[in-house]
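**Q** Work out the full structure, taking the sequences as your base and the hints as a guide.
The opening position of the sequence shown corresponds to residue 1 in this note's numbering, with each subsequent residue numbered one higher.
Possibly wrong hints are sitting among the right ones.
[What the hints assert, rightly or not] With a straight-line cut-off of 20 angstroms between C-alpha atoms, the simulated EDC-like cross-links for lysine to aspartate or glutamate are: (1) Lys76 to Asp108; (2) Lys182 to Glu196; (3) Lys182 to Glu152; (4) Lys206 to Asp183; (5) Lys114 to Glu196; (6) Lys177 to Glu152; (7) Lys79 to Asp109; (8) Lys200 to Asp210; (9) Lys177 to Asp210.
By construction, these hints were calculated from the structure, which means they are not laboratory data.
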Amino acid sequence: MKKILINILKIIITFAILYFMIQSGRLDFTRLDFFLRTPGLFLLLFIVFIFWSLPLISLRWWLLLRTVQINFSYSKAFKLTWIGYFFSLGLPGSISGDVVKGYYVFKDDKSNSKTNILMALLIDRFIGMSSLIFISFIILVFNLGFFSQQPETKTFAWIISGLFFGTALLYLLVFMKFNNGKDPFLKIISKLPASEFFIKLYYALKIYRDEKQILFRALFLSLLDQAGNLFVFYQITSLFGVADISLANLFMVIPLGLITTVIPLAPVGIGVGHAAFDSLYSMIGYSNGADVFNLFVTLEIIVFAVGGILFLLEGERSKAKIKIENSDI
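**A** So this is what it looks like as structure tokens:
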């Protein structure tokens, strides 16, 4: 009953955010016809998702799985990544599809360690978040003058810096070796808010302590993926007639906006993401931030929905596999 009430509350909050933004004129669904008026651009952005972002994200996850002795083909990882994104359309938060991916990995071979599957998924998500934080910090370093102009941007700078140094510190701690039961940082982590999650993340990273090359490769793949996202956002922003788009300002706010989509209120960050991008774009002097995110989400939904076809095909493959096994018996 408690779980049902929580889900109802999430739905109410999501619709309340969307209603407020529509009523205030910050979100206009009629702007979706921009894609219909620019089919060439729509096709280009669709191709970026299919042939850039999805392959890179799949490769990152595949590398992390292989490191913990969970072996299957890259094509399988690509397919499961797409299926996971399909399920994220109906489940709250951008991490919800990870659960589906993990289920299919275990279902494919029940000898695979559930713990290792979970750890790989956790690290995969953490590295994805890290790349967003690192990009924001790099932009901050090269735009200190802009951040020091207003109280809002100063606060912004402190948030980015805090996230960066916290993430960098966690990476450093992971590479430090301690005797069993003598890790002093576990005591510190246990006192943090949401300590249970951070302890799991810390242990997960420790698994990859001796695989520094894999971690850095995964981080590099994430940075390439985020470059694709930044390109998509830049192209969508240009549709709204923004003159003299500052790449530095745009690339500064987009990673932070994408981080908010992880909050598990609604599928693909709907509601929370709209509000975040509206505020972030306003901060750098641009309007239509919510509409830009709306077009981005629309593109995501179209791409992710194709994963439903792969899901159906995967179901048929599983049925065929069961029939073969039964016939062998």
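**Q** So, for every hint listed, does it hold in this structure?
**A** How the hints compare with the structure:
1. Lys76 to Asp108: holds (10 angstroms)
2. Lys182 to Glu196: Within the cut-off at roughly 18 angstroms; holds.
3. Lys182 to Glu152: violated (42 angstroms)
4. Lys206 to Asp183: Since the Cα atoms of lysine 206 and aspartate 183 sit roughly 12 angstroms apart, the hinted pair holds (cutoff 20 angstroms).
5. Lys114 to Glu196: Holds. Lysine 114 to glutamate 196 sits at ~18 angstroms (cutoff 20 angstroms).
6. Lys177 to Glu152: Outside the cut-off at roughly 40 angstroms; violated.
7. Lys79 to Asp109: holds (16 angstroms)
8. Lys200 to Asp210: holds (18 angstroms)
9. Lys177 to Asp210: holds (10 angstroms)
Of the numbered hints stated above, those contradicted by the structure are hints 3, 6, listed in ascending order.
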